[in-house]
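> Line order of the protein sequences matches chains X and V. The first sequence maps to residues 45 to 520 in the numbering used here. The second sequence maps to residues 69 to 265 in the numbering used here.
Since the hints were derived computationally from the structure, they do not count as laboratory data. Check before you lean on any hint, since a few could be wrong.
[Said to hold, decoys possible] Listed below are the simulated DSSO-like cross-link pairs for lysine-lysine, each with C-alpha atoms no more than 27 angstroms apart in a straight line:
no., chain 1, residue 1, chain 2, residue 2
1, V, LYS100, X, LYS90
2, X, LYS365, X, LYS482
3, X, LYS90, V, LYS254
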Amino acid sequence: MGRTLAEKVWDDHVVRRAEGEPDLLFIDLHLLHEVTSPQAFDGLRKSGRKVRRLDLTIATEDHNTPTLDIDKPIADPVSRVQLETLRKNAAEFGVRLHPLGDVEQGVVHVVGPQLGLTQPGTTVVCGDSHTSTHGAFGALAFGIGTSQVEHVLATQTLPMTRPKTMAITVDGELPEGVTAKDLILAIIARIGTGGGQGYILEYRGSAIEKLSMEARMTICNMSIEAGARAGMIAPDETTFAYLKGRPHAPEGADWDAAVEYWKTLRTDDDAEFDAEVVIDAAELSPFVTWGTNPGQGLPLSASVPDPASYEDASERLAAEKALEYMGLEAGQPLRSIKVDTVFVGSCTNGRIEDLRAAAEIMKDRKVADGVRMLVVPGSARVGLQAVDEGLDLVFKEAGAEWRHAGCSMCLGMNPDQLAPGERSASTSNRNFEGRQGKGGRTHLVSPQVAAATAVLGHLASPADLSDAETRTPAGV
Amino acid sequence: MEAFTTHTGRAVPLRRSNVDTDQIIPAHWLKKVTRDGFEDGLFEAWRKDETFILNQPERKGATVLVAGPDFGTGSSREHAVWALQNYGFKTVISSRFADIFRGNSLKNGLLTVVLEQKIVDALWELTEKDPQAEITVDLVEREVRAEGITASFELDENSRWRLLNGLDDISITLRNEADIAAYEAKRPSFKPQTLKV
Ligand code: SF4
Numbered sequence: 045m046g047r048t049l050a051e052k053v054w055d056d057h058v059v060r061r062a063e064g065e066p067d068l069l070f071i072d073l074h075l076l077h078e079v080t081s082p083q084a085f086d087g088l089r090k091s092g093r094k095v096r097r098l099d100l101t102i103a104t105e106d107h108n109t110p111t112l113d114i115d116k117p118i119a120d121p122v123s124r125v126q127l128e129t130l131r132k133n134a135a136e137f138g139v140r141l142h143p144l145g146d147v148e149q150g151v152v153h154v155v156g157p158q159l160g161l162t163q164p165g166t167t168v169v170c171g172d173s174h175t176s177t178h179g180a181f182g183a184l185a186f187g188i189g190t191s192q193v194e195h196v197l198a199t200q201t202l203p204m205t206r207p208k209t210m211a212i213t214v215d216g217e218l219p220e221g222v223t224a225k226d227l228i229l230a231i232i233a234r235i236g237t238g239g240g241q242g243y244i245l246e247y248r249g250s251a252i253e254k255l256s257m258e259a260r261m262t263i264c265n266m267s268i269e270a271g272a273r274a275g276m277i278a279p280d281e282t283t284f285a286y287l288k289g290r291p292h293a294p295e296g297a298d299w300d301a302a303v304e305y306w307k308t309l310r311t312d313d314d315a316e317f318d319a320e321v322v323i324d325a326a327e328l329s330p331f332v333t334w335g336t337n338p339g340q341g342l343p344l345s346a347s348v349p350d351p352a353s354y355e356d357a358s359e360r361l362a363a364e365k366a367l368e369y370m371g372l373e374a375g376q377p378l379r380s381i382k383v384d385t386v387f388v389g390s391c392t393n394g395r396i397e398d399l400r401a402a403a404e405i406m407k408d409r410k411v412a413d414g415v416r417m418l419v420v421p422g423s424a425r426v427g428l429q430a431v432d433e434g435l436d437l438v439f440k441e442a443g444a445e446w447r448h449a450g451c452s453m454c455l456g457m458n459p460d461q462l463a464p465g466e467r468s469a470s471t472s473n474r475n476f477e478g479r480q481g482k483g484g485r486t487h488l489v490s491p492q493v494a495a496a497t498a499v500l501g502h503l504a505s506p507a508d509l510s511d512a513e514t515r516t517p518a519g520v
Numbered sequence: 069m070e071a072f073t074t075h076t077g078r079a080v081p082l083r084r085s086n087v088d089t090d091q092i093i094p095a096h097w098l099k100k101v102t103r104d105g106f107e108d109g110l111f112e113a114w115r116k117d118e119t120f121i122l123n124q125p126e127r128k129g130a131t132v133l134v135a136g137p138d139f140g141t142g143s144s145r146e147h148a149v150w151a152l153q154n155y156g157f158k159t160v161i162s163s164r165f166a167d168i169f170r171g172n173s174l175k176n177g178l179l180t181v182v183l184e185q186k187i188v189d190a191l192w193e194l195t196e197k198d199p200q201a202e203i204t205v206d207l208v209e210r211e212v213r214a215e216g217i218t219a220s221f222e223l224d225e226n227s228r229w230r231l232l233n234g235l236d237d238i239s240i241t242l243r244n245e246a247d248i249a250a251y252e253a254k255r256p257s258f259k260p261q262t263l264k265v
């Protein structure tokens with residue numbers, strides 16, 4: 045019988061297989077950042093071990109880094125200690141590090157692909173659950189805990205039990221204005237935050253094949269929000285074109301050999317998935333979350349649901365709690381929800397294409413009174429490219445704040461946070477209670493919806509913007 | 069890692085589902101660079117509420133957490149496991165755990181036990197009625213016992229063997245160093261390298 049994409053990549057990395065034991069998998073790329081690595085290095089030091097493969101290891105700083113005044117000392121002493129600890133560990137063990145201020149610094153899941161380190165058919169791990177992002181290249185990529193970080197540092201392998209596989213087939217055309225973010229939010233709402241648990245998801249179908257690499261990364265990124273540790277998309281010409289010429293992409297004969305191998309990385313026609321979900325792209329519309337988990341989402345045209353309408357008791361309770369926390373009333377149209385803050389950024393939607401999409405909508409428009417908009421590129425490189433294209437000016441002229449690269453308000457470990465009771469439309473991936481700051485309320489949205497929301501001050505899609513009302517003609 | 073054979077202790081019945089790792093240990097605690105001292109961050113937001121179960125004097129010293137379904141969803145932070153352990157929990161019972169959390173817990177010697185929801189319900193009822201009631205989690209017999217309740221649970225043989233013996237992963241893997249070296253020797257040259265520019 046044929047094999048799925050996930051099974052092929054898995055099989056190619058088995059170092060050791062023994063009855064009744066997890067497979068020992070070789071890890072091709074290990075990404076590190078300041079939050080989940082200190083205790084791992086500590087463990088190495090305590091046991092007198094070193095990093096086995098420095099040439100397969102790379103570190104950057106993202107979660108704690110400020111997005112303003114990056115040349116000044118970091119004000120928060122705890123953040124400073126964590127960043128300094130990574131710098132110390134990288135120097136002591138010889139790990140390549142891109143610190144704050146470096147041109148290759150940025151959110152770890154933006155940095156890996158942009159350097160061309162994330163490649164089809166590789167195994168990629170990082171002490172961060174959104175490592176699933178890298179699956180967009182047909183890599184087997186999953187988040188790991190700090191003990192596993194230490195394990196990979198010491199052995200370049202991980203003992204793992206192979207998850208089951210689930211096909212998520214999306215056929216048809218995404219309607220105008222509907223993005224990868226809307227698609228993944230709709231998928232999560234459909235299968236639930238636990239629906240992908242125990243599975244590697246493979247997104248496939250004609251709608252997926254048409255997506256850019258950036259859009260594919262947005263989708264794979266949020267696999268974890270559906271409960272899956274990994275999401276994958278088979279590599280194709282779009283993938284190869286994205287990689288060609290990147291700093292760490294293979295060259296010459298190696299490129300040819302690589303592409304030949306990459307082309308084999310497709311689920312065989314006679315392979316069987318353990319579960320299948322089919323989605324019709326044409327039925328989708330802009331999607332936003334109303335609650336406090338990413339599965340609590342609805343089309344923007346809908347209204348806040350009535351908890352009483354849920355048959356399942358625990359879902360009903362969860363909805364009640366969510367409405368209370370979010371300060372929302374059942375039946376209230378989602379479009380009527382006013383926000384204080386709009387955040388464009390994160391490893392979900394902080395890539396150049398996302399910034400372009402938001403800028404296109406902000407051009408010659410203004411951020412609504414009383415709304416602050418933060419635009420945070422996913423990496424320093426993305427920031428530079430945006431400046432090159434003049435996107436920073438578009439945002440600044442609209443009244444938005446243009447910031448330096450990092451995780452920023454995605455989780456508020458740096459000073460970029462919501463105040464208690466404040467409400468955001470955010471292009472990030474988690475709307476958990478307090479995720480963006482204690483008491484903060486988060487609505488997950490696409491970059492396009494974020495921009496339209498910034499202009500109108502309430503949840504909105506670009507279709508809600510009438511040019512005559514909101515756009516100042518050039519030169520006026 | 070400390071070995072786990074059998075443990076008996078009082079319980080904290082936590083009647084909440086979908087407890088994510090942000091609730092178990094909020095993000096600002098992740099700035100610490102050590103593995104201990106996380107006990108005060110455990111369920112930090114909820115503990116500000118006097119009526120929260122963990123704040124009840126009769127729950128002091130409890131070592132068994134009985135939680136609702138989908139415990140440990142969200143981020144991969146291992147700090148969630150350390151926070152539970154630092155606070156004094158030895159084992160967590162739920163009808164369903166998030167994958168990464170479960171993996172992290174077993175690697176750190178925190179035994180996560182999956183039981184049917186109706187047994188979890190029974191444990192909740194028992195320990196709510198009688199805060200002194202003890203629960204025994206027996207990894208040798210793969211059994212949970214409490215007054216009027218006996219339930220067996222599953223755990224894969226490998227995780228069980230390691231917990232029973234208190235073995236950590238790295239030392240086990242390094243016994244297969246020759247296999248790793250053999251694999252490395254045959255990796256294709258087109259594979260990415262971080263140090264080549
Ligand atoms: S941007 Fe957000 S989700 Fe992504 S790595 Fe940073 S904190 Fe995690």
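> Are the hints correct? Go through all of them and say.
Results for each hint:
Between LYS100 (chain V) and LYS90 (chain X) the CA atoms are separated by roughly 18 angstroms; this keeps the pair inside 27 angstroms, and the hint holds. Annotation: proposed proximity of LYS365 (chain X) to LYS482 (chain X) holds, straight-line Cα distance about 16 angstroms (limit 27 angstroms). The suggested pairing of LYS90 (chain X) with LYS254 (chain V) is violated, with an alpha-carbon distance near 32 angstroms, which exceeds 27 angstroms.
Checked against the numbered hints above, the structure violates only hint 3.
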